[in-house]
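Trainee: Chains as they are written, first to last, in the numbering used here: chain H, 362 to 666; chain D, 8 to 279; chain A, 12 to 367.
All clues stand as given, with none of them false.
Capping the alpha-carbon separation at 16 Å, the derived lysine to aspartate or glutamate pairs in EDC-like fashion look like this:
| # | chain 1 | residue 1 | chain 2 | residue 2 |
| --- | --- | --- | --- | --- |
| 1 | A | Lys-236 | A | Asp-278 |
| 2 | A | Lys-308 | A | Asp-290 |
| 3 | D | Lys-106 | H | Glu-372 |
| 4 | A | Lys-165 | A | Glu-37 |
| 5 | A | Lys-236 | A | Glu-250 |
| 6 | D | Lys-106 | H | Glu-375 |
Hint data in this document are derived by calculation from the structure and do not stem from the laboratory.
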Amino acid sequence: MRGSERQSGIERQEARIAWTLVLPALLTILLVALFPLVWTFWESIHLHDLRMPWLGRPFVGVDNYLEALSDGRFREALGHTAFFAVTSVALELLIGLWLALALNRAFRGRGLVRAAVLVPWAIPTVVSALLWRFMFEGQHGIANTILVALGVLQGPAAWLIHPQAAWVPVILADVWKTTPFVALLLLAGLQNIDASLYEAARIDGASAWRQFRHITLPLLQPAIVVALIFRTMDAFRCFDLIYALTGGGPGTSTEPIALYTFNVLLQNLQFGYGSALSIIVFVVTFGLALLYIRFLGAELTGGRR
Amino acid sequence: MSARRWWPFLALALLVGASAFPFYWAIVASLTPEARLFQDPSLFPTHIVTDHYRALFTERNFWLPVRNSLIVAGTTTAFCVSIGALCAYALARLEFRGKAALLGFVLAVGMFPQISVVSPLYLLLRELGLINTFPGLVLPYLTFAMPLTVWLLVGFFRQLPAELEEAAMVDGAGRLRAFWEVIVPLAVPGIATTAILTFVYSWNEFLFALSFTLGPERQTVPVAVALFRGQYQVPWGQILAAAVVATAPVTLLVLAFQRRIVQGLTAGAVKG
Amino acid sequence: MASVRLEGVAKTYPNGHVAAQGLDLEIADGEFMVLVGPSGCGKSTALRMIAGLETPTAGRIRIGDQDVTALPPQERDIAMVFQTYALYPHMTVKENLAFGLRMRGAAPDAIAQRVEEAARALGLEQVLSRRPAQLSGGQRQRVALGRAIVREPKVFLFDEPLSNLDAKLRVETRAELARLHRRLGATVVYVTHDQEEAMTLGWRVAVMRDGLLQQVSPPMELYRKPVNQFVAGFVGSPEMNFLPGGLLGDVAPGRGGGVTLGVRPHDVRIVSAGSGDLDALVDVVEPRGSELLVYLKLAVLPHGAPLRVVAPPEPAIEEEQMVGIVFDRARLHWFRTEDGQRVASPSVRPISAPGK
Chain H
362 MRGSERQSGI ERQEARIAWT LVLPALLTIL LVALFPLVWT FWESIHLHDL
412 RMPWLGRPFV GVDNYLEALS DGRFREALGH TAFFAVTSVA LELLIGLWLA
462 LALNRAFRGR GLVRAAVLVP WAIPTVVSAL LWRFMFEGQH GIANTILVAL
512 GVLQGPAAWL IHPQAAWVPV ILADVWKTTP FVALLLLAGL QNIDASLYEA
562 ARIDGASAWR QFRHITLPLL QPAIVVALIF RTMDAFRCFD LIYALTGGGP
612 GTSTEPIALY TFNVLLQNLQ FGYGSALSII VFVVTFGLAL LYIRFLGAEL
662 TGGRR
Chain D
8 MSARRWWPFL ALALLVGASA FPFYWAIVAS LTPEARLFQD PSLFPTHIVT
58 DHYRALFTER NFWLPVRNSL IVAGTTTAFC VSIGALCAYA LARLEFRGKA
108 ALLGFVLAVG MFPQISVVSP LYLLLRELGL INTFPGLVLP YLTFAMPLTV
158 WLLVGFFRQL PAELEEAAMV DGAGRLRAFW EVIVPLAVPG IATTAILTFV
208 YSWNEFLFAL SFTLGPERQT VPVAVALFRG QYQVPWGQIL AAAVVATAPV
258 TLLVLAFQRR IVQGLTAGAV KG
Chain A
12 MASVRLEGVA KTYPNGHVAA QGLDLEIADG EFMVLVGPSG CGKSTALRMI
62 AGLETPTAGR IRIGDQDVTA LPPQERDIAM VFQTYALYPH MTVKENLAFG
112 LRMRGAAPDA IAQRVEEAAR ALGLEQVLSR RPAQLSGGQR QRVALGRAIV
162 REPKVFLFDE PLSNLDAKLR VETRAELARL HRRLGATVVY VTHDQEEAMT
212 LGWRVAVMRD GLLQQVSPPM ELYRKPVNQF VAGFVGSPEM NFLPGGLLGD
262 VAPGRGGGVT LGVRPHDVRI VSAGSGDLDA LVDVVEPRGS ELLVYLKLAV
312 LPHGAPLRVV APPEPAIEEE QMVGIVFDRA RLHWFRTEDG QRVASPSVRP
362 ISAPGK
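Next comes chain H alone, as it looks inside the complex:
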């Protein structure tokens, strides 16, 4: 009789089969994802400007990072990104929650709504950017026409030329595209809540608001956290939308960090500096996810069965 840690022939065989199945996918991921990330980090601690190959690739330590911290345009981009993330995610959560509640109650027309919900999500982000840009373009975009007709605006506004106003179509486009998806996520969470809880509360005399606060919100928390994490990370990584809608403009007033990094890397060909920026973007997005998970205690992996 052996000790309790003996791994029998069957278990070893199972592990062997498992690793054989896993290996192709794992190797692929290591090659195309992890390896480049490590390389990016490597680049970020060197000077590497493709426009000036005679400079070689000397090791510069944290110089690139220090430069980033003092780079005014980068700091602004960080501010833009944070603003965009906070505003759009807040709007998406609120509207999404409201929609999810409505979808939960409505018993007819679910199919139509599902379709309406999925199509904005399914189209390329650049296309949705173009649709919204068209609506806010120039003096005669349909947005201006409607707002003037409704009396909200005196005359047509030059949305895309104004540094602050340009955010409006950007945020609207993002909310339009992803709120339905957030609503679906929250709806799934809502449907997991046992209806008998509400019935018991009603019998106990709880008002609709109290039911919402004490039953719905707490039980929906895991779904809300999942939605928060994914949407915030997506918002911090945003690129496609702004590239196609405002190009980062007017000037650089709507430029997010991903777009700025892109310009540094592939327009200016400063690979060393751009890599440092990339790493910062990576750390920020990842750090956010970890922060959420830690403080809000979500179970994303392994809790499912």
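Chains D and A: place on chain H using the hints.
Mentor: Showing chains D and A alone in chain H's frame:
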């Protein structure tokens, strides 16, 4: 009391309207002559032309980006689903050391910001001579497509009762045979949904396509649409026509399989 | 057909949970052995180890003469009926039945013949081309049985196969299983949490608790001579009554730590107040048709657990009535209070004044 009954429907009507309006407007615009686009926008056009669509395919040869997108998205999906299914099965069903870490790792990679891997991928592809080629796009696409596929398929495999494989093994089938005879037929809906979602994500991808292609020969649809340049001014009519064409395939896919897609997306994300 | 032997089989999971500790069990060729116990006692784990679906962390398992401890399930020549039946949903009944034979490379003719025989034996001829989703619960259960029978394995394993059936169907199917076993003469290892099922089906019953075998005996021996308090309380319905050992009189000194008296509800008689061993107040009476289940509160133990007694339907017994009870001295069970182990009947010096 009656307000409580119909507010959900009002909300949903608003939702459907808000979702549909930009499309509607784009379709209307794509059928409006260029000159009138910004002159007198009316919600119900009287004069419909197909000039923009014709120009799209004759002058601009829009077939090219469509073909490129089909090839790239199709190849990525085929590769990821087949390799990913094996990996996902092992993660969902088999016991081995390091399993939890591996799953966590795969998911973590899926959350990488693309911008953080764009430059080394660029240099790598340049070394391999793959810039502006099909493999040069499929390879980077695996960065996000593989984790996505594995994550979705793990969710689907986990939903199948474990006793089915046990019964098959007791009946005489080895692990792999049990996988093939029992699990795969039952997982077909899940595999199909995963394929659709992977295809949609691949079709819509922009940053890598923008960075790793140089010209119309290999550009995909999102890039072609975004880089539309007119001679003298922005050709909105054609751009919107291109937008309509760009979204047609994925829209049709999604409408046809909406129920499955919603199940797949939400089952994985929220504990079912 | 073959015998099954477990030698010192133990299972500890990586998280520290001990599911089985040193099980030694011998199941004879053709025997119907039932593993019974409360949930978490390790009976399902033991069954799965025999099947090869779990590997023991210590010990050996033999089927026939073969040491199968390191063999995967497909090489053990066993068949298993799962609690949820685990029928292949995408295959017809016929294909379900044929699956095992197909996996082992049997000739198509042989497969067809065996499937037909099994279908006939279980009354499934009409549903051969249906899918499991189109069958009733009882039919699915029979397909699960058929899948096992068709393989003609050395050992049949059953994991709580009747728990998903309603009460009436459960009793019917129980009888069918017994009949089937007689016909096939197969070696059966059967797991259940229902002691009644265990008693009616098993040739021998193995009672388990917390991963340990408590007693392995034929049903009547379990009933009449339980080796400890746990088995005594587990087997038999209504449950045995446990009372302080000194209830009927002083127990001889030197017993060390005291004894507990066990008596089954069927072994207590109700008489008029004052004329029995003790007096008691009737608390609740449950008429069961052929008998009455009476809950009593002993006069000397007003705050103790109620005494359960099975009485004939006549004479009628009223609640709140004061009665006397008589213990059948030949059917008393004595256990050491400290560890629940059975001890021989001690000599009892009766208390000077009985009752009142």
